[in-house]
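Taken in order, the sequence shown gives residues 1 to 120; the numbers are from the UniProt record's numbering.
Note that these hints are calculated values from the structure, not bench results.
Among the hints, erroneous ones may be present.
As the list claims (entries may be wrong) - Quick list of in silico lysine-lysine cross-link-like pairs, DSS-like style, CA-CA up to 30 angstroms: (1) K113 <-> K66; (2) K34 <-> K46; (3) K54 <-> K34; (4) K66 <-> K34; (5) K66 <-> K54; (6) K66 <-> K119.
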Amino acid sequence: MATVELTTANFDEVTSGDGIVLVDFWADWCGPCKRFAPVYERSSEKHPGIVFGKVDTEAQQELGAKFDIRSIPTIMAIRDGVIVFAQPGALPESALENLIEQVEALDMDDVRKQLAEHKH
1 MATVELTTAN FDEVTSGDGI VLVDFWADWC GPCKRFAPVY ERSSEKHPGI VFGKVDTEAQ
61 QELGAKFDIR SIPTIMAIRD GVIVFAQPGA LPESALENLI EQVEALDMDD VRKQLAEHKH
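Kindly produce the complete structure, drawing on both the sequences and the hints.
Structure (structure tokens):
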């Protein structure tokens, strides 16, 4: 599956449902972002059941601010509407694949339980 452009108009709709959404916060002027793009694209082709979204932080400054993006690229993983990972820096392909495996293996009932405990 090709990557999906995420905007303020569609971000919540795309990321709030069931399943896994990876988000690449990037900008056209960012060298590391451009080098990471083909890695991200290849991974999207290997995992058709995962949504691979891209947020252009120049065009979507509200989203960058909402998630306090201070360095790009930043990779975020969202599963079943819950942000389970967010880290700045381009990942090598093996690390991106490892991240996907870890997100797929999460017990989301346990994750929600832990989140509820932290809110008290």
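To see whether the hints hold, each was checked on the structure:
1. K113 <-> K66: Measuring from Cα to Cα gives roughly 24 angstroms; hence the hint holds.
2. K34 <-> K46: holds (20 angstroms)
3. K54 <-> K34: Between K54 and K34 the Cα gap is close to 12 angstroms, so the pair holds against 30 angstroms.
4. K66 <-> K34: holds (23 angstroms)
5. K66 <-> K54: holds (15 angstroms)
6. K66 <-> K119: Roughly 20 angstroms separates the two Cα atoms, so the pair holds.
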